[in-house]
Amino acid sequence: AQKITQTQPGMFVQEKEAVTLDCTYDTSDPSYGLFWYKQPSSGEMIFLIYQGSYDQQNATEGRYSLNFQKARKSANLVISASQLGDSAMYFCAMRETYTNAGKSTFGDGTTLTVKP
Amino acid sequence: DGGITQSPKYLFRKEGQNVTLSCEQNLNHDAMYWYRQDPGQGLRLIYYSQIVNDFQKGDIAEGYSVSREKKESFPLTVTSAQKNPTAFYLCASSIRQGLTDTQYFGPGTRLTVL
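These protein sequence lines are chains A and B, in that order. If you read the first sequence in my numbering, its first letter stands for residue 1, the second for the next number, and so on. If you read the second sequence in my numbering, its first letter stands for residue 117, the second for the next number, and so on.
Source of the hints: derived by calculation from the structure; they are not laboratory data. These numbers come from a predicted model, not from an experiment. Mixed in with the good hints there might be a few duds.
[To be verified] Each computed PhoX-like pair below joins lysine-lysine, with the alpha-carbon atoms no more than 20 Å apart:
hint, chain 1, residue 1, chain 2, residue 2
1, B, K130, B, K199
2, B, K186, B, K173
3, B, K187, A, K103
4, B, K173, A, K103
[As the list claims (entries may be wrong)] The following residues of chain B were derived to be distant from chain A, with all beta-carbon distances above 12 Å:
hint, residue
5, K125
6, G132
7, E140
8, N142
9, Q157
10, E178
11, K187
12, E188
13, T195
14, S196
15, N200
16, T202
17, V229
18, L230
[Said to hold, decoys possible] Here are a few chain B residues that face chain A, going by a calculated C-beta distance under 8 Å:
hint, residue
19, L159
20, L161
21, Q213
22, G224
In this text, a Cβ means the ideal position worked out from N, Cα and C, and glycines have one as well.
For reference, chain B alone in the conformation it holds in the complex:
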């Protein structure tokens, strides 16, 4: 079964700690993305990667870091520099459809800072 997996589903972090959220896809998609969603709001782009070993900052990259060493994997690290990290984090990958790419999403990770 092809899809996007994110782990863990729930994550608790103490203030001052770095945490890494996992995102893996077996859809053979080139591009991958990380979004943050706060309660009752839309999605905001953190980082995206269109090809292995390359990534770009999104709209709210401060306090986050990523790597893209393999096509299948795009882990997100939430660093202690992120002032308000409690949120729902969604990973996506995309494939060309018509004029542009269609994104498909993983199940998400809910991060809570204690």
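Just chain A, with the same shape it has in the complex:
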């Protein structure tokens, strides 16, 4: 079974609007971290935001926030006030503390296009 599922292969958003990129995960490990990365056309993976499974509050980093719904096993990325430079591929990832320790699992990604 897929451990990380990103159901939106491609998304479009108008500049200055907010957009939500979906991510669901599957684990029986009680302790884990969830991550979002941005990959522009240059190829480098840029770390955006982290959420721990025990964190009570949703993580935020500037225009990025992570909508963490533990019971639904979802970790959606919200980008506010989209900019043209946000056009890129976005990957959700999970790292379990005990199961498969030392390894991360990545989703297949969502391509975001910001329209002017």
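Model the placement of chain B on the given structure of chain A, informed by the hints.
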């Protein structure tokens, strides 16, 4: 400036040749990783190392080899046994953040087999 460097950026190889991709980090991270990415797809783990002189196979280790003689360096050799090596290769290192490690990536090496 701390970071992860990978070289070369582009690499061309003839069939039957071994090639080595370089990865160096000056972040003082203990763990390092190699991933392969095919066009339009996610990342697949090749090898990882949590400490010097120790490494483990990832999900697609066949046809690849690594070494970890220094904390800063984790070179990947793509051998002639790798049937379809044309891909984008990403190196990462990680540091503990909260419950688990956060990975940071280098700029990648694009390997093409001619």
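Exercise for the section: Measuring Cβ to Cβ, find out whether B:K125 lies farther than 12 Å from everything in chain A. Expected result: The claim is violated: B:K125 sits with its nearest Cβ about 9 Å from chain A, within 12 Å.
Problem - Minimum Cβ-Cβ distance from B:N200 to chain A exceeds 12 Å - result: Label holds. Min Cβ-Cβ 19 Å, cutoff 12 Å.
Problem - Assertion that B:K187 lies farther than 12 Å from chain A (Cβ) - result: holds, 16 Å
Practice task
Say whether it holds or is violated: B:G132 keeps its Cβ farther than 12 Å from all Cβ of chain A.
Solution key: holds, 27 Å
Exercise for the section: Take a quick look at whether B:K186 and B:K173 sit within 20 Å of each other, Cα to Cα. Expected result: Within the cut-off at roughly 18 Å; holds.
Practice task
Mind checking the CB of B:G224 against every CB in chain A and telling me if the closest is under 8 Å?
Solution key: Holds. Min distance 4 Å.
Practice task
With a cut-off of 20 Å on the C-alpha distance, tell me whether B:K130 and B:K199 pass.
Solution key: Distance ~12 Å between B:K130 and B:K199 Cα, so the pair holds.
Practice task
Please work out if B:K173 and A:K103 have their alpha carbons no farther apart than 20 Å.
Solution key: holds, 10 Å
Handout entry: Assertion that B:E140 lies outside the chain A interface [Cβ separation over 12 Å]
Key = holds, 15 Å
Practice task
Take the C-alpha atoms of B:K187 and A:K103, compute the straight-line distance between them, and say whether it is at most 20 Å.
Solution key: Satisfied, since the Cα-Cα distance of roughly 18 Å is no more than 20 Å.
Problem - Residue hint B:Q213, partner chain A, criterion CB-CB below 8 Å - result: holds, 6 Å
Exercise for the section: Hey, is B:T195 genuinely clear of chain A, shortest beta carbon separation above 12 Å? Expected result: holds, 22 Å
This entry does not satisfy hints 5 and 9, going by the numbered hints stated previously.
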